[in-house]
Amino acid sequence: MKRAHRLRILGLAGGLLFLSLLPLALQRVNRGEYYLHVLTLVLLYAYLSTAWNILGGFAGQHSLGHGIFLGIGAYTSTLLFSRFGVTPWLGMWVGALLAGAVGAFIGFLCFRYGLRGPYFALATIALAEAMRYVVSNIPYLGGARGLEVVWKGHNLAIFQFSTKAWYYYVALFFTVICLAISAWLNRSRLGYWMVAVRENEDAAAALGVDLVRTKVIATVVSAVLTAIGGTFYAQYFTFVNPASVFGEGPSVQILLYSIIGGLGTVWGSAIGALVLVPIAEFTRARLGGTFAGVHLLIYGAILMVVMLFMPQGIVGVVQKVVRRRPRAKEDR
Amino acid sequence: MNTSLLAQAAVNGLFIGGVFALISIGLTLIWGVMRIINFAHGEFLMIGMYIAYFAVVRAGLDPYLTLLVTVPALFLVGALIFWGTIRPVLSAPSMNQILLTVGLSLVLQNLALVFFKADVLFAQTPYAKMNYRIGSVVLEMPKLIAFAGSVLAASLLYWLLQSTDLGRAIRAASQNSRAAQLMGINVRQTYLVAFGIGSACLGVAASLMIPFYYVSPTVGIFFGTIAFVIVVLGGMGNFLGALVAGVIIGLTESLGAAVLPGSLARVFTFAVFVLFLLFRPTGIFGRRQG
Amino acid sequence: MMTPLLRVERLTKHFGGLVAVDNLSFAVEQGEIVGLIGPNGAGKTTTFSLISGFLRPTAGEIFFEGIPLHGRKPHEICALGLTRTFQVVQPFPDITVLENVLVGAFARHAGTAAAERRAMAVLERVGLAHKAYYPARELTLLELKRLEVGKALATEPRLLLLDEVAAGLNPVEIQEMLKLVRELNAEGITFLLVEHVMQFIMQVCRRIIVLNFGQKIAEGTPEEISRDPKVLEAYLGEEAPDA
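Residue numbers (our numbering), protein chains in the order written: chain Z, 233 to 564; chain L, 110 to 399; chain U, 32 to 274.
It cannot be assumed that every hint is accurate.
Computed footprint of chain L on chain Z, listed as stretches where at least three residues anywhere in the stretch have a Cβ under 8 Å from a Cβ of chain L [what the hints assert, rightly or not]:
#1 403 to 410
#2 480 to 486
#3 536 to 542
With a straight-line Cα cutoff of 20 Å, these simulated EDC-like cross-link-like pairs (lysine to aspartate or glutamate) come out [stated by the list, open to error]:
#4 Z/Lys-234 to U/Glu-147
#5 U/Lys-104 to Z/Asp-442
#6 U/Lys-104 to Z/Glu-433
Please keep in mind that the hints were generated in silico from the structure rather than gathered at the bench. Even for Gly, the Cβ is constructed at its ideal location relative to N, Cα and C.
Please put together the full structure from these sequences, using the hints given.
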């Protein structure tokens with residue numbers, strides 16, 4: 233057992249090392265900056281969907297409106313930075329706090345009154361859409377055009393960089409932390425409570441699991457993490473507008489990676505992002521600005537295909553193959 | 110508050126409410142029969158509107174004659190999409206069904222974006238300028254016709270459900286699909302027809318709206334969302350409820366926009382929606398078939 | 032006189048016009064194994080659901096070690112030391128057997144390592160240690176029943192409510208389950224059992240309460256109630272109870 237454990241650590245360390253050295257290698261490659269951009273996006277979406285997975289995969293409450301938290305994070309830090317000169321590093325935490333509060337409120341309201349499955353999904357869609365509409369109509373928040381993150385020069389202190397590599401490393405850092413949190417949850421009491429809620433609410437309650445509290449905590453954790461990702465989003469793309477964060481697209485994208493990769497697993501979301509984001513990006517590059525919504529078209533199609541033929545996702549398919557082997561001690 | 114302004118808003122709200130109702134009846138029918146929440150419902154309307162638009166602009170058809178095209182076309186579209194993508198997930202967990210129709214909605218929206226760009230299109234018809242005046246209130250002809258047409262279509266559908274064999278089969282299948290099967294009703298086929306009818310309602314609504322509403326790839330988002338609100342308000346699966354709730358929402362949207370500043374009217378609608386989901390998910394009238 | 036571990040007083044539950052439980056009163060003393068029997072629809076599982084917090088009483092009170100239970104949520108009641116199992120087994124299908132019991136163990140242990148040790152020990156107890164790493168959905172019915180008991184056991188209850196734990200078991204399996212219950216009782220766990228399988232309940236219960244139409248119609252030792260004409264009458268018109 234020890235040996236398997238040691239191998240895992242070695243593997244993870246090696247992977248991290250590889251990822252850390254990647255930007256340096258890509259500098260020598262033709263169009264290296266572009267590939268770095270794609271990788272940064274992979275990391276960003278791996279981060280966001282891993283965060284979503286805490287509520288949607290572990291706790292089994294499929295939010296279809298997670299853009300709410302993404303947007304709260306993005307808008308808060310951008311607003312504080314553009315209007316008050318507060319560094320996004322600080323604005324990030326303000327956004328996270330706000331998102332956590334909103335998540336707690338929404339979560340408590342929904343779960344206290346027993347909203348489940350499709351009704352919860354409907355509620356989150358409605359709330360995200362309401363957010364989008366309201367923010368579009370508030371001039372102070374930039375209206376439908378949104379807010380710009382004003383370029384003030386390369387400066388770590390204000391989360392602005394002139395080369396992609398810096399953003400890449402920040403994204404890598406965030407993603408590693410998010411995965412670590414996810415992995416910790418996976419083996420912790422709180423995480424098992426979430427899974428119990430997902431698997432069988434009555435059985436969970438009979439074994440001492442506070443259903444509402446667990447679901448709300450999952451919502452808050454997920455919301456906080458997502459909002460932090462929202463700040464990165466804003467800094468990376470240097471602007472934020474209602475449709476790009478509160479719209480149907482972002483919310484669906486985030487959960488899509490988890491579904492493709494395998495709901496409720498630690499790595500599933502990241503794997504899903506790793507597979508899908510490059511596809512979308514390269515397609516977008518090929519067909520360029522001519523077809524604005526091509527990547528969403530592809531995502532929608534993939535979502536449909538997966539629901540029709542492979543609802544368990546990639547990891548689920550792999551697990552089915554793996555299960556043919558005789559039972560040995562395995563990690564979930 | 111200016112009473113004539115309010116009266117005007119009320120009239121317009123009533124008219125658009127009729128159209129809302131027609132759009133929602135399709136959705137509530139589908140949910141009532143097979144318990145599927147079709148998140149692409151708004152996109153079907155969008156398809157219908159594009160068909161109606163091109164029929165008017167390219168083929169020079171009178172907008173109301175386009176009904177002859179949009180209704181069968183939407184029925185067909187609905188039936189095909191049902192058979193190809195929805196039938197396979199009828200017995201899957203509801204989240205899978207939701208995600209499927211969400212994916213479908215994305216596909217349809219963005220296909221439209223690819224083909225038609227983000228252009229907002231408006232079909233100029235002679236009806237647009239026809240108005241009647243009653244006192245200080247203006248009755249816009251296209252909206253009045255749309256309201257009348259919606260009421261007519263809804264009544265027709267109601268008659269269909271209550272008095273024909275097909276309608277009875279649909280109601281039977283929605284109440285107890287197993288028992289219906291035992292009675293010799295082909296449930297799958299009934300679902301197909303019901304889905305087609307629900308979509309065809311959107312064809313009617315599309316043709317009725319073309320004289321006074323624009324069409325774009327994202328036009329379905331608003332109507333789809335409103336339809337959900339109405340369906341929940343009226344009681345999911347409740348035909349009459351959808352009618353009443355449709356008119357209510359039409360009125361609140363219109364009056365709200367007249368009375369409240371900016372976007373608050375829409376927020377009010379959403380707030381009501383969420384409140385109903387939380388405290389009275391069975392709607393104003395509760396669950397009742399047909 | 033010692034306070035009874037569980038005291039149910041004038042417990043009543045209406046579902047609209049239907050009276051499922053009607054003015055039911057009884058007590059369970061520390062260390063007892065008490066049975067709750069009655070024909071189908073007598074209100075046995077409803078009583079369990081009322082005691083364990085899954086249903087709210089229309090009237091009446093429930094006390095556990097003197098603490099009122101009525102109105103509390105199921106997870107609070109579990110924390111107090113009362114755990115129930117379900118008639119239709121309720122596993123967590125997509126996680127392993129060990130993880131199933133682990134959820135129960137987390138009711139008493141905050142740390143994963145300690146909880147896992149406890150869960151493993153429970154699995155040994157109920158004879159499922161060899162299936163620890165199998166997903167729960169792959170278990171047989173008997174194994175699922177043992178898992179059901181195991182999950183509840185992991186919460187370290189003082190009072191265990193077993194709902195038809197012997198249903199569907201063959202005679203050998205019934206004896207094994209009997210043995211387990213007796214051993215656990217000897218270790219200090221009090222039991223309240225709902226059962227249809229007479230063979231099981233007659234052999235293990237010291238005292239039996241008989242319900243019919245939500246009311247208590249008899250109470251006594253197995254010998255006493257098996258001779259009670261009211262009990263026999265209640266079961267007539269039903270197929271004879273499994274002897």
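Verification of the hints:
1. 403 to 410: violated (count 0)
2. 480 to 486: holds (count 3)
3. 536 to 542: holds (count 3)
4. Z/Lys-234 to U/Glu-147: holds, 18 Å
5. U/Lys-104 to Z/Asp-442: Holds, at about 8 Å.
6. U/Lys-104 to Z/Glu-433: Given that 20 Å is the threshold and the Cα spacing comes to 13 Å, the pair holds.
Checked against the numbered hints above, the structure breaks only hint 1 and satisfies the rest.
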